Amino acid sequence: MAAFGAALTVVLTVGVAVVVTVWLRTAIDPACLVASERVPSLGGGEPEVHAWSRYHVRYYAMALLFLAFDMEMVFMYPWAVVFVEEGLVALVEMLMFIAILLLGILYAWRERALEWA
Amino acid sequence: MGLISRLAASADVPVFPVVGIGGRTAARSLATLGGIRVVDHPRAAVLMLLVGRPTRSLLRPLLAVHDQLSGPRCTVWWRTGRDGGDELVAALPAVEVLPVGDASALRRVFTELVNGARASDPPALDDIETTPWRGVGPYGQGGSGMTGGTPYGRPLVGRAPDPDGLQLDQLPLQVGPFFGPFPPGLVLHLEVQGDVVRHASLGENPFTRWPGDAPLGPLESGVFFDAVAEVAPVAGLELARARHHLRWASDALRLHGLCSPARRLAALAERIAPGDAELVVRIARQLGRSRSLASVMRGVGVVDPERHGLRQGIVARSTGVPEDARLSDPAYRPLGFEPIVHEGGDAWARFRQRLDEAAQALILAERAGERIRAPGPAVEGPRGALAAGAPSPSGQLLGILPELLVDQEWGDALTIVTSLDLDVEEAAHEVPAEASA
Amino acid sequence: MTWSSPLAGVLLVGAVLVAGAFVVVVVDRAWGSIAAHQRVRVAALVAGPARDGALLLLTRPSTTERPDAQAWVLAPALVVAMAAAVVAAVPLSPGIAVADVDDGIVLIGAAFALVMVGVYLHGWSANSPMPLTGGYRFVALALSYEMPLALVLIAAALPAESLSVGAIVASQHDIWNVVRQPLGLPLYLVVGLGLATWGPLNMADGADLAGGTTAEVSGVSRLSWELARRSVLVAVAVVGAAVFLGGWQGPLLPGWLWMAVKTLVLVAVLTGLGHRVARIRLERFVVVAWAVLIPVALVDVFVSGALAL
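Chains as they are written, first to last, in this note's numbering: chain A, 1 to 117; chain B, 1 to 437; chain C, 1 to 309.
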């Protein structure tokens with residue numbers, strides 16, 4: 001538990017340090033940028049619209065596949081710890097689990113869900 | 001502050017080159033200058049380096065790019081070629097005219113900026129919101145239409161059909177004349193859905209010459225244009241061809257993330273000599289074997305000679321059409337010239353074609369010795385044949401660019417633009433008529 | 001084994017990240033000079049990062065018309081913090097482990113996943129087309145490499161019967177994982193390039209996007225972002241050294257020196273790849289990641305599992 005506390009301390013301190021550094025430098029010499037200095041750079045072109053939009057995330061099918069495998073990853077973590085104790089049974093069971101999920105990848109590949117990424 | 005200023009003053013000078021008329025050749029030499037770092041977007045730069053003469057349609061983008069430089073900033077002008085452009089450049093707040101190719105002068109200006117001895121340039125454009133903030137609610141929301149008014153000054157994007165059968169947002173982009181990866185002066189109006197280009201159209205050519213304007217040039221491929229009407233040494237032409245293709249290969253490698261091999265090719269291009277034929281052959285073979293480059297460029301931007309109307313030129317030769325103006329040139333007959341041809345017409349074929357032609361050009365230059373070429377038959381320029389009265393090959397390539405870009409992913413679209421080796425200034429240039437020699 | 005004083009732990013991790021980022025820049029530029037067939041000028045190389053960092057400190061930070069200012073500042077901070085979490089979970093020496101948690105591999109996987117969020121936020125916050133596209137393209141890449149990353153780390157955890165990095169290092173006392181699981185380290189290095197969006201897998205900051213997510217940042221914000229990317233590369237190398245190259249174990253030299261040498265070797269390999277391999281086409285790489293890298297990683301897991309029994 002103390003180890004997690006140490007990790008959390010490190011994370012928060014480093015994050016805050018970076019934010020404070022950036023904020024301090026910006027506070028020392030605040031940049032008051034006029035309108036023309038804030039235009040998104042496109043090589044001299046004038047943007048017509050905001051860039052924020054409903055961006056066509058073409059890889060949405062792959063993202064769904066990723067969700068399935070993410071859950072599989074979660075199950076593999078504790079399996080790795082008890083694997084040697086449990087022996088061959090654990091290996092075979094995980095093999096079966098993975099095989100079922102690999103069928104999922106095969107299906108996605110054939111349905112060209114990966115090619116839109 | 002003193003230590004930081006002193007450290008910063010000895011850093012590499014970040015320069016954003018902005019190329020006007022007659023500036024492309026000089027801008028190339030930037031890559032080989034020591035202590036100068038060429039950046040591809042203005043916010044990373046301290047100096048905006050205007051090379052050549054600006055035109056009227058380049059003025060507004062020039063001012064926009066100047067304001068996008070982060071402070072401290074300064075504009076430096078390398079005046080190449082012909083005089084003129086002072087009244088346009090006067091719109092910039094402060095311009096330092098420096099000798100072309102002088103790295104120490106650039107460093108002097110940079111050091112003055114960093115130390116505070118020179119004040120940073122104020123913005124060139126006024127502090128006016130180009131689209132005022134409308135809308136009904138306090139955050140610009142509300143009003144007619146689903147997206148309401150114009151939140152924070154700009155409207156949100158509209159929708160358009162997608163090949164999936166969905167209605168998705170389509171972003172209109174004007175990728176301007178000074179976009180880093182593009183050839184200088186290329187303006188594309190794109191409609192982008194996600195990262196796929198759905199529509200593309202060329203903007204007006206900013207180098208178009210109107211009656212009363214000063215003539216264009218000097219072009220990067222000016223040697224070939226001059227050879228249409230004057231005598232020219234064959235070795236000089238072939239050396240210029242090799243240099244051109246090596247410079248292009250350096251740009252292509254930099255686009256694909258291989259910045260250091262690109263630097264090597266750029267340095268080699270500047271000091272190329274006929275005796276380097278073996279080295280270039282070796283480099284061409286090495287790059288031709290690169291599997292990562294092949295996988296990036298293979299199948300991208302396939303050009304069909306019939307559909308796109310390309311009967312001659314280097315792009316046509318990469319599709320398998322063995323047309324080369326040097327075949328009908330009597331000066332090349334004793335050199336044993338055979339046109340190099342590749343199959344496929346995709347970006348990879350064009351890449352290998354240019355490298356192989358660079359190697360071949362050096363071999364021809366070695367064999368040619370002191371041979372002179374008389375004006376008369378068409379000159380084979382680095383992009384295609386130049387004949388008096390015929391349109392320049394760059395104009396033709398610019399014409400086929402928009403249809404090649406449709407439905408291409410962004411990375412592939414840039415590969416296509418680079419693989420066509422466009423020169424927007426040359427596209428606006430007329431091939432000189434034959435001199436009465 | 002944990003560090004007694006939290007402040008000392010934070011300082012150690014911070015020092016590792018900053019020194020590591022410095023070394024990454026120097027090694028990267030050295031490789032650049034070699035690949036460009038130029039003379040490697042050591043003094044200029046070593047002074048380079050300090051000079052460029054000083055220039056970035058002097059330059060004015062820029063902004064766009066309507067960005068998400070808070071997310072823009074937090075994004076590099078998140079990425080550096082996650083790299084710090086990863087370095088904290090790795091024992092740098094037999095007596096020094098800032099936060100050697102019992103499930104270090106899970107912590108590392110989670111931290112690397114949050115790096116994805118940080119990179120995406122950095123691209124999205126600017127409200128500009130090029131950074132936005134960089135962010136979205138990077139997410140496609142990131143979703144594809146998460147699986148191989150988790151699988152190779154799990155494979156390394158199998159012989160150790162524990163998810164803690166200290167236990168994994170201890171399990172390599174007679175043979176290193178790079179020998180015992182030959183598929184692990186190459187896969188991990190490919191994934192590592194993607195984690196830091198480096199070299200061939202630089203989808204976020206590529207030249208085809210004219211700088212990508214860095215196109216609208218300058219000054220100290222740019223400095224913090226460059227530090228963030230390089231600190232992720234350092235974290236990748238540190239974990240690789242611990243999990244595959246035996247960590248602090250080695251004859252003669254003290255443990256921390258071995259860690260430093262092994263991390264340096266991995267940093268050199270990662271940055272060297274950046275100068276040799278062209279940037280991938282995203283669609284092709286996603287297909288390769290799902291159809292080739294994941295099966296190879298699974299083979300790695302099951303073969304090393306069978307060997308561990």
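Since the hints were derived computationally from the structure, they do not count as laboratory data. All of these numbers come straight from a predicted model, not from anything done at the bench. Positions of the beta carbon are idealized from the N, C-alpha and C atoms, including for glycine. Be aware that a few hints might be false.
[As the list claims (entries may be wrong)] Partial list, derived from the structure: chain C residues whose beta carbon lies under 7 angstroms from chain B:
#, residue
1, Gln70
2, Ala207
3, Ser218
4, Arg281
Verification of the supplied hints:
For Gln70 (chain C), the interface hint is violated, the least distance from its beta-carbon to any beta-carbon of chain B being 16 angstroms, above 7 angstroms. Checking Ala207 (chain C) against chain B: minimum C-beta separation of about 5 angstroms stays under 7 angstroms; hint holds. Evaluation of the Ser218 (chain C) hint against chain B yields a held restraint, the C-beta minimum of about 4 angstroms falling below 7 angstroms. Among the interface hints, the one on Arg281 (chain C) holds; its C-beta lies about 5 angstroms from the nearest C-beta in chain B, closer than the 7 angstroms criterion.
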